[in-house]
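Trainee: Here's the letter readout for the chains.
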Amino acid sequence: MAPRNRDDNFMDVDSDSDISMLGDVEHRGKGKGKGKTTDKRKKDKGKAKAKEQAYTWEASYTRSWDTVQEDEAGSLQGAVEDLMARGRRRRLLAPAAAIRRAIIRHLVLLLDLSAAMMDRDMRPTRFDLMLQYAKEFVVEWFDQNPLGQIGVVGMRAGIGERIGEMSGNPQDVLKCLSDRTRLEPTGEPSLQNAIEMARSSMSHLPTHSSREILIIFGSLTTCDPGNIHDTLDACVKNKIRISVVALAAEMKISRDLCDKTGGQFGVAMNEGHFKDILFELVPPPAQRAVVRAGGPGANPAADLMMMGFPTRLPDSSPPSLCACHSDMKNEGFLCPRCMAKVCDVPTDCDICGLMIVSSPHLARSYHHLFPVKPYEAVTSMEGESESTVACHACARMFSTSASTAATSEGISPWGRYRCPDCHNDFCTECDVFVHDVIHCCPGCGK
Amino acid sequence: MEKASHLSVIVDLSPTQWHLSAQTSNQYPLSIETFLSQLLAFLNAHIASKHENSLVVFGALPGKSVLLYSSTELLSDDAPSLDANSYLPFKLVDSTVVQRIMNEFDAIGELEEEPPCALVGAVTKALCYINRITHPSSTMPGVAEDPSIVHDPRILILSVSPDLSSSYIPIMNAIFSAQKLKVTIDVCKVYGPDTVFLQQAAHLTNGSYIYLERRDALLQYLIMSFLSPTSIRKILAVPKQDKIDFRAACFCHKNIVDIGFVCSVCLSSTHYLYCFVTKF
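Protein sequences appear in the order of chains A and B. Each residue of the first sequence is one higher than the one before, starting from 1 at the first, in the UniProt record's numbering. Each residue of the second sequence is one higher than the one before, starting from 1 at the first, in the UniProt record's numbering.
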């Protein structure tokens, strides 16, 4: 435990002012091993010369090995398993708090694609780091908000650029983020243009859904065609919540955008902090007002929202005018109540006010309601002479001899896992796949 | 066709529906014997189009689903006798599929009421199978580039039964996992009314849903629409379904509704659908 404590001290010191740090480091240099001492001195010299705050990246760089502890035998196995178990436990603990949150979220991810994103103060560059974290963010976000939709807009060369349409499919969003060459940063960013574009893509959304804009902003300037405060007022009026993650420094306008619309503002200090403040925006924001749905759903006590499930018209259907934009279009969705044609779902019907959602949007979250029962590990093969030879799901043959590896609780030596309802045997891989992905037992079909 | 493709065929084998389909009062009666012979020709075409193509056939029978044929492992012990006039892989598929379907039909005893077809079970099995062949690394670490890894797996559902509204949730779960695995689900509705769930399945996974108007031309439909792998479908302009019904099943009566009520009290992402009957 002793070395760990010392390092904790060290960490505090590092973020302190450099005067106290210099003294402290010297003092510690003596206490540590010989090899380290020279290293430290070299660093001290550099620090003394530069007379500036330690680079932020050093903070995470120097101590990454300290978090891993070897066990008695010098193996890291225990540490790795502990890390994994902790990750799993974190997932289990997550949904404990019961706050009413926004149900259907719509988020436009505004990415800064200006020349400022090529800065290397975050490794490898701000741009690469942003893309990487944005992808992780999208995966995590869809995991927690299955009904949500994300659109992507870029700020580049003074204009807003639509990179990805509003989509509920994480693969679509990831695909438009993964095309790195198409997103190459150039020019100045324009907050106003990009926010206007994001705002227009969310104007058709129903009133019950939350509209959010998340801006990842690396530049210190914005190049706008008009008054950005008008845009800000329009966003407040449309109840769009703007959150900003700034990579460089705090700007008055970005702070204003967040404060007036009720979003969160953060300036990333380093890579880890960037990820932290980005991922703070993953859980749905708590809802402040009563859900206002069209029609009888407005009663807060009943809290049932009337929803219609539309019929989609094909691209080949005869063109007709849509109710929302009065455009001549082939494809569209028919409101089940008034048969009016709307362009996109989810939305409120412009004629009768019914909320129109496509049922797959709702169904995406059903598996939380009906989880598959955990399979039991088969630990003894006695009295099962006529049992099946292959996995019930993927037809992989089971091994006939028990594995001699260390058997712990919940692991079958034959690799067989049995559904408590239909008593079929499944292999390890299918067990994991059924519970993590399909959420439906192949044997009993529920 | 540069890369090997995988095809999982799910055949709906509901005896009642096939009996109805074979009735001569239909405009185009189709008996299961004719259906099978046309299906086998299609399966042979898939095997013949590329040597590495893999094929799995599942049957959805009343109350259970079975694996009828798998190209990766031999299920039946007795290999068919060699015949100088037939290509061995074809003969293997044909005899195995027919033999097993007949065995399963024989096993169905006299029942008062036929349980619904286990279509969901067959779809989830097909997904498990695809998961197994697309991720072989976990069983054999160190194999870098296995040529047998398939690139665009497909599932073709040949459906004759109507929608089973109680299976709405499992079907949707299966569709979403197919989306995650990037599996295309094609649906060919051979007999009976349109099924809402399978339409959605095809729509959400970029597959095509085709309702057979001329059932006597089954083989032509199969070959023209479902034989090509997804990578070349863009060029071929494979027919897609014209109209998609986005209705859902309510939680109280399992009715398919087009206007329902959704509860917003449950935690962030849980919704119960109630149909009109309970509300008013």
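Calculated directly from the structure, the hints in this document are not laboratory data. It is possible that some hints are incorrect.
[Said to hold, decoys possible] The calculated DSSO-like cross-link candidates involving lysine-lysine, where the alpha carbons are at most 30 Å apart (straight line), are: (1) K175/A to K252/A; (2) K234/B to K175/A; (3) K234/B to K64/B; (4) K329/A to K135/A; (5) K373/A to K243/B; (6) K373/A to K239/A; (7) K180/B to K64/B; (8) K243/B to K329/A; (9) K175/A to K182/B; (10) K91/B to K3/B; (11) K91/B to K180/B; (12) K91/B to K373/A; (13) K373/A to K175/A; (14) K234/B to K135/A; (15) K275/A to K91/B; (16) K175/A to K91/B; (17) K3/B to K240/B; (18) K260/A to K237/A; (19) K135/A to K182/B; (20) K243/B to K50/B; (21) K239/A to K260/A; (22) K91/B to K329/A; (23) K275/A to K64/B; (24) K182/B to K234/B; (25) K91/B to K243/B; (26) K239/A to K252/A; (27) K3/B to K180/B; (28) K3/B to K135/A; (29) K240/B to K373/A; (30) K50/B to K135/A; (31) K175/A to K64/B; (32) K64/B to K3/B; (33) K175/A to K3/B; (34) K329/A to K3/B; (35) K373/A to K50/B; (36) K275/A to K252/A; (37) K91/B to K50/B.
[Unchecked claim] Which stretches of chain A does chain B cover? Using the computed rule of at least three CB atoms under 8 Å from a CB of chain B, they are: (38) 154 to 162; (39) 223 to 231; (40) 305 to 314.
Even for Gly, the Cβ is constructed at its ideal location relative to N, Cα and C.
Trainee: Look at each hint and say if it fits the structure.
Mentor: We went through each hint and held it up to the structure:
For the hint linking K175/A to K252/A, the alpha-carbon distance of about 34 Å lies beyond 30 Å, and the restraint is violated. Of the supplied pair hints, the one linking K234/B and K175/A holds, its CA atoms being roughly 18 Å apart against a limit of 30 Å. For the given pair, K234/B sits about 36 Å from K64/B by alpha-carbon distance, which is inconsistent with the 30 Å threshold. In summary, the hint linking K329/A to K135/A is not supported, as the alpha carbons are separated by about 34 Å, beyond the 30 Å threshold.
Restraint check: the Cα-Cα separation between K373/A and K243/B comes to about 36 Å, which exceeds 30 Å; the hinted pair is violated. Simply put, K373/A and K239/A have alpha-carbon atoms about 42 Å apart, too far for the 30 Å limit, and the pair is violated. The suggested pairing of K180/B with K64/B holds, with an alpha-carbon distance near 25 Å, which does not exceed 30 Å. About 15 Å separates the Cα atoms of K243/B and K329/A, which keeps this hinted pair within 30 Å; it holds.
Proposed proximity of K175/A and K182/B is supported: the alpha carbons are some 13 Å apart, at most 30 Å. A hinted pair counts as satisfied when its Cα atoms are at most 30 Å apart, and K91/B with K3/B qualifies at roughly 24 Å. Restraint check for K91/B and K180/B: not satisfied, since their Cα atoms lie roughly 35 Å apart, outside the 30 Å limit. Between K91/B and K373/A the CA atoms are separated by roughly 41 Å; this puts the pair beyond 30 Å, and the hint is violated.
For the given pair, K373/A sits about 34 Å from K175/A by alpha-carbon distance, which is inconsistent with the 30 Å threshold. Straight-line distance between C-alpha atoms of K234/B and K135/A comes to about 28 Å, which keeps the hinted pair within the 30 Å bound. The hinted pair formed by K275/A and K91/B fails the criterion: a straight-line CA distance of about 58 Å is larger than 30 Å. Restraint check for K175/A and K91/B: not satisfied, since their Cα atoms lie roughly 43 Å apart, outside the 30 Å limit.
Distance restraint check for K3/B and K240/B: the Cα-Cα separation of roughly 24 Å lies within the 30 Å cut-off, and the hinted pair is therefore satisfied. A threshold of 30 Å between alpha carbons decides the hint, and for K260/A with K237/A the separation of about 11 Å falls inside it, so the pair holds. The straight-line distance between the Cα atoms of K135/A and K182/B is roughly 18 Å, inside the 30 Å bound, and the hint therefore holds. In summary, the hint linking K243/B to K50/B is not supported, as the alpha carbons are separated by about 33 Å, beyond the 30 Å threshold.
Restraint check for K239/A and K260/A: the C-alpha separation of about 10 Å stays at or below 30 Å, so the hint holds. For the given pair, K91/B sits about 51 Å from K329/A by alpha-carbon distance, which is inconsistent with the 30 Å threshold. Pair hint K275/A plus K64/B does not hold up; C-alpha atoms about 48 Å apart against a cutoff of 30 Å. A distance of roughly 16 Å separates the Cα atoms of K182/B and K234/B; the hinted pair therefore holds under the 30 Å criterion.
For the suggested pair K91/B and K243/B, the alpha carbons sit about 39 Å apart, so the restraint of at most 30 Å is broken. Annotation: proposed proximity of K239/A to K252/A holds, straight-line Cα distance about 21 Å (limit 30 Å). Proximity of K3/B to K180/B is assessed by CA-CA distance (about 21 Å); at most 30 Å being required, the pair is judged to hold. Only pairs whose Cα atoms come within 30 Å are accepted, and K3/B paired with K135/A is accepted, the gap being roughly 29 Å.
This hinted pair does not check out: K240/B and K373/A have alpha carbons roughly 37 Å apart, beyond 30 Å. Using a Cα cut-off of 30 Å, the hinted pair K50/B and K135/A is violated, with the two alpha carbons roughly 36 Å apart. Proposed proximity of K175/A and K64/B is contradicted: the alpha carbons are some 38 Å apart, above 30 Å. Distance hint between K64/B and K3/B is unfulfilled; the C-alpha atoms sit about 33 Å from each other, more than 30 Å.
For the hint linking K175/A to K3/B, the alpha-carbon distance of about 22 Å falls within 30 Å, and the restraint holds. Proposed proximity of K329/A and K3/B is contradicted: the alpha carbons are some 38 Å apart, above 30 Å. Between K373/A and K50/B the alpha-carbon distance is near 41 Å, which puts this suggested pair outside the 30 Å criterion. Taken as a hint, the K275/A and K252/A pair is honoured in the structure, with Cα atoms around 22 Å apart against an allowance of 30 Å.
Restraint check: the Cα-Cα separation between K91/B and K50/B comes to about 17 Å, which is no more than 30 Å; the hinted pair holds. Counting residues of the region 154 to 162 of chain A whose CB lies closer than 8 Å to any CB of chain B gives 0, which falls below the minimum of 3, so the coverage claim is violated. Requiring three or more residues with a Cβ within less than 8 Å of a Cβ of chain B, the coverage given for the region 223 to 231 of chain A is violated, as only 0 such residues are present. Interface restraint, the region 305 to 314 of chain A with chain B: holds (10 residues with C-beta to C-beta distance below 8 Å; minimum three).
In summary, the structure is inconsistent with hints 1, 3, 4, 5, 6, 11, 12, 13, 15, 16, 20, 22, 23, 25, 29, 30, 31, 32, 34, 35, 38 and 39 from the numbered list given earlier, while agreeing with the others.
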